[in-house]
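Next come the chains, spelled out residue by residue.
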Amino acid sequence: MHIIRYTYPTARSLAPTTAFQGRSPWAGLESEIDRLFANALGEFSEPAAGNTFPVDLYEDKTNTYVRAELPGVNRDAIHVEMVEDNLSIQASRTQKTGDREEAFAFSRTLSVPENVQADKVSASYENGVLTVTLPKREEAKPKKVSIAVN
Amino acid sequence: MSLVQSIVPFLARRPAPAAELGATVKPQHTLREAPDAWTLTVYLPGVTKENLEVTTEAGALSIVGRRVWQQPKDWTALYRETSSANFAATFEYDLSVDEEKIRAELKDGVLQVTLPKAAALQPRRIAVQ
Numbered sequence: 001m002h003i004i005r006y007t008y009p010t011a012r013s014l015a016p017t018t019a020f021q022g023r024s025p026w027a028g029l030e031s032e033i034d035r036l037f038a039n040a041l042g043e044f045s046e047p048a049a050g051n052t053f054p055v056d057l058y059e060d061k062t063n064t065y066v067r068a069e070l071p072g073v074n075r076d077a078i079h080v081e082m083v084e085d086n087l088s089i090q091a092s093r094t095q096k097t098g099d100r101e102e103a104f105a106f107s108r109t110l111s112v113p114e115n116v117q118a119d120k121v122s123a124s125y126e127n128g129v130l131t132v133t134l135p136k137r138e139e140a141k142p143k144k145v146s147i148a149v150n
Numbered sequence: 151m152s153l154v155q156s157i158v159p160f161l162a163r164r165p166a167p168a169a170e171l172g173a174t175v176k177p178q179h180t181l182r183e184a185p186d187a188w189t190l191t192v193y194l195p196g197v198t199k200e201n202l203e204v205t206t207e208a209g210a211l212s213i214v215g216r217r218v219w220q221q222p223k224d225w226t227a228l229y230r231e232t233s234s235a236n237f238a239a240t241f242e243y244d245l246s247v248d249e250e251k252i253r254a255e256l257k258d259g260v261l262q263v264t265l266p267k268a269a270a271l272q273p274r275r276i277a278v279q
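Read top to bottom, the protein sequences are chains A and B.
Just so we're aligned: the first sequence equals residues 1 to 150 in the working numbering.
Just so we're aligned: the second sequence equals residues 151 to 279 in the working numbering.
Quick caveat, the hints were computed from the structure, so don't treat them as lab data.
Honestly, I wouldn't trust all of these hints.
[Said to hold, decoys possible] Some chain A residues judged to face chain B by a derived CB distance under 8 Å, without partners named:
id	residue
1	V55
2	E69
3	V129
Every residue, glycine too, gets a C-beta built ideally from N, C-alpha and C.
All chains, full assembly: derive it from the sequences and hints.
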């Protein structure tokens, strides 16, 4: 349980302190509100900027899966590499607007569980989503041992 | 409720599509202007042609994209950054757009909507006699 104590402004805290010694109670309020709004609204409708992309990590008994949302990327322009325990995904997108052509590059490196068979990693790209399948090593798979009870 | 609906037909209307979709997110998009058309690029990762609806009604272009992929039962999510919410967005336009000629193309999760400008508004060279 959390106990939160709110300090309400009192007449004393609101009164201009002698020669504005302390911090005004409203100092930074405006920027704080701006920040709140930027946090709450920033995710929506912002054009695809930056060079990163969202990824999801899933696992089942035999594989670990990485799903990355990379809309509008050429299959040839996707490079997936395993470097030790890190999976790096690089992609680029070219966008034609009339005569101009713009290029966007994305890259991301994820650390994946250690028990991956790096040589058997496979990837597929469909409808703008890249799925990387990372098979687990044999010893990492849960083993079923049935024991006879006498 | 049905009595109320029979008295006030307005209340019997179907709910807006967004209500059926559950929570929706507005997809990332960019709008660019060329002399003869506007191009709206909407990023809809994981949406196929069959699951995308683009409709125009009363000066508004609405885009509804449903995600096809469902997390298989035996997959456990370890870490997630994406949301499973469907995409929905509405864009309003004015009479400068030639509604009859709006084209849409979906490729690899990117929807490109071309909204040609009405012929009367396009730049035109006037021959000098």
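> Where does the structure disagree with the numbered hints, that is, which hint numbers, in rising order?
Replying inline: Of the numbered hints, all hold.
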